[in-house]
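Listed below are the residues making up each chain.
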Amino acid sequence: MANRTIPRLLQTPAVVLLLFWMLIPLGMTLFFSFIRYVLNNLRNPHWTSPSIENWRGFGNYQFVWGQDSFWLAMKNSLVIVTSILFLTVILGVLIAVLINRSFKGRGIVRVLLISPFFVMPAVNGVLWINMILDPVLGLQGIAVGAINDLQNAPLVGWFFSLWPTLEPISFRATQTSSIAVIMMVVWQWTPFAILIFMTSLQSEDQQQKEAAVLDGASTWSQFRFLTLPHLGRPIAIVVMIQAIFHLSLYAEIEIVSRGNGNKNLPYYIGELVNNNIGAASAAGIFAVILANIVAIFLLRMVGKTLME
Amino acid sequence: MAIVATQSKLGKIVWPVLAWTVALLFFFPIFWMILTSFKTDADAVKPEFLFRFTPTLENYTNMTDNYDYWRFATNSIITSVSATLFTLFVAVPCAYAMAFNPSRGTKDILMWMLSTKMLPAAAVLYPMIFLTKSLGIYDTKFLIVMVLSLINLPIAIWMLFTYFKDIPKDIIEAGQMDGLTTWGEVKEILVPLAWGGIASTALLIFIFCWNEAYWTVRLTTTEAATLSKLIEGNRAPEGLFFGRLSAVSTAAVGPIIVLGWFSQKQLVQGLTFGAVK
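First to last, the protein sequences are chains A and B. For the first sequence, our numbering gives the first residue as 1, with consecutive numbering after it. For the second sequence, our numbering gives the first residue as 1001, with consecutive numbering after it.
Hints are supplied without guarantee of correctness; some may be wrong.
[Claimed, not checked] Label pairs and their in silico Cβ distance ranges:
{"id": "1", "chain 1": "B", "residue 1": "Ile1078", "chain 2": "A", "residue 2": "Leu23", "range": "26 to 34 Å"}
{"id": "2", "chain 1": "B", "residue 1": "Trp1112", "chain 2": "A", "residue 2": "Gly66", "range": "17 to 25 Å"}
{"id": "3", "chain 1": "B", "residue 1": "Glu1188", "chain 2": "A", "residue 2": "Leu23", "range": "33 to 41 Å"}
{"id": "4", "chain 1": "A", "residue 1": "His46", "chain 2": "B", "residue 2": "Pro1255", "range": "47 to 55 Å"}
{"id": "5", "chain 1": "B", "residue 1": "Asp1139", "chain 2": "A", "residue 2": "Arg43", "range": "25 to 33 Å"}
[To be verified] Computed cross-link-like contacts, DSSO-like style, restricted to lysine-lysine with a CA-CA straight-line distance of at most 27 Å:
{"id": "6", "chain 1": "A", "residue 1": "Lys104", "chain 2": "B", "residue 2": "Lys1117"}
{"id": "7", "chain 1": "A", "residue 1": "Lys209", "chain 2": "B", "residue 2": "Lys1107"}
{"id": "8", "chain 1": "B", "residue 1": "Lys1165", "chain 2": "A", "residue 2": "Lys104"}
{"id": "9", "chain 1": "A", "residue 1": "Lys75", "chain 2": "B", "residue 2": "Lys1117"}
{"id": "10", "chain 1": "B", "residue 1": "Lys1165", "chain 2": "B", "residue 2": "Lys1265"}
{"id": "11", "chain 1": "B", "residue 1": "Lys1265", "chain 2": "A", "residue 2": "Lys209"}
{"id": "12", "chain 1": "B", "residue 1": "Lys1117", "chain 2": "A", "residue 2": "Lys209"}
Calculated directly from the structure, the hints in this document are not laboratory data. As the structure is a computational prediction, the values presented were derived from the model and not from experiment. From the three backbone atoms N, C-alpha and C, an ideal C-beta is built for every residue, glycine too.
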């Protein structure tokens, strides 16, 4: 008997804590999503506190569903997450294959490559949008200025004046800020993909590879038929872990998109929370549904390999 | 070690050069931040001082006056260390029980725990603000420690579980034969054997806590504000303060990057839950 009780007892605190953490706030969100609950409302002061009397049914859901900014946020969330996944996996595989050989300073190369992963998201955002991407004072502005100045340079100036003058891009604008966010996150998470793919490549069957070389297989077909299948499982894991982190991407969006129309789902909800709690909660439930669809899909894909 | 079987002479030069170029490109933004932190605010935005400038330490010596850096840094240290310890305190027994006395439900519990990580934080933002304000714990270090622990608990349990799973069960059973209590088993057998795994879990959780930027920003104002909050609050200096902002950013991420260098090998096993070794 004691054999079963003690292990259960040891698991209880973790399970209970996570259960509370999940159920209580989520239950409240669910409740708020069905009532009228607006923090600043002078005409209807009874809406400013949560009460079952203010039942609104699916009204909040209809309101959110009908808002253009909700769909824009939804679209942005998906575009940002998919682009990041796509770019980090491709870059990760290429760079991992590139450094998976012995050369001078390989240890230092590894250390340099992994560093961006440990930069805190807030610093990542502030650093890129100001010091690097600022159209006037950042490196981008300085670089564009320098290239344009080449038109006045002696000897080669005629060549550069054949080209149109470059305009620096403002990455704080609505149209471009997603690109800035994608750039930042790809910079931060490609190192993670590299690290995992590289570890996996080290367990690749070398004899098989040597046999392929003897059979006259080209570098490309070695990569295509041996390396890539070997990386299947690590790629699935990288996709899953990144999806977990990027669906709730916040700091970078907050830093880049403050004051423009480019929002993702967490940021859109964050704005509603300032006033319309009912709508924010309905949007939150939509976010949960989206995350669940992604989660079921990913856990099916990866879950089995994890438990082996 | 992986060595491509045949390497042409050209390949011996081209590939390393390419690898170094990629590595330097990736590191460049960090290098740029560190470099800018040694320039005065005025020099930092002038193209003529791009690489040649008179280095100054004033951004670092004025960090307390400019940003009250140490108040935020102290909060970051206190909350991250406490949250890491509390997470381990809850996660170690749980992972121990799951690894050595698995029941039929263990797999499902582990999967469910991982799925709580997928719950979007934004969905429960208002309830968290509402609850913590009514309980009077909004903007307290206690709250931040609890939230950081809860969001990292699933990852900690998974990591520890994969480390513990590799320990032969016979050793634990031998301990039971010798009449060790459960606590004795943990103390005498598990902790010494899995010390490396526990340490790297702690390191990774600490890094995650330090870098967390959703709850630490939304659930604090002044009292419990961490470095993430400080940096986020200075998101748009409009070029006026590039030097001092770079200095405070460098101070905020420097120690963690160095810690990260030491943990990179364990990071792979930990973050992929042992699926990639």
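Hint by hint, here is what the structure shows:
no.: 1; hint: Ile1078(B) to Leu23(A): 26 to 34 Å; result: holds, 29 Å
no.: 2; hint: Trp1112(B) to Gly66(A): 17 to 25 Å; result: violated, 34 Å
no.: 3; hint: Glu1188(B) to Leu23(A): 33 to 41 Å; result: holds, 37 Å
no.: 4; hint: His46(A) to Pro1255(B): 47 to 55 Å; result: holds, 51 Å
no.: 5; hint: Asp1139(B) to Arg43(A): 25 to 33 Å; result: holds, 31 Å
no.: 6; hint: Lys104(A) to Lys1117(B); result: violated, 40 Å
no.: 7; hint: Lys209(A) to Lys1107(B); result: violated, 36 Å
no.: 8; hint: Lys1165(B) to Lys104(A); result: violated, 37 Å
no.: 9; hint: Lys75(A) to Lys1117(B); result: holds, 22 Å
no.: 10; hint: Lys1165(B) to Lys1265(B); result: holds, 19 Å
no.: 11; hint: Lys1265(B) to Lys209(A); result: holds, 25 Å
no.: 12; hint: Lys1117(B) to Lys209(A); result: violated, 39 Å
Hint check: violations occur at hints 2, 6, 7, 8, 12; the rest are consistent with the structure.
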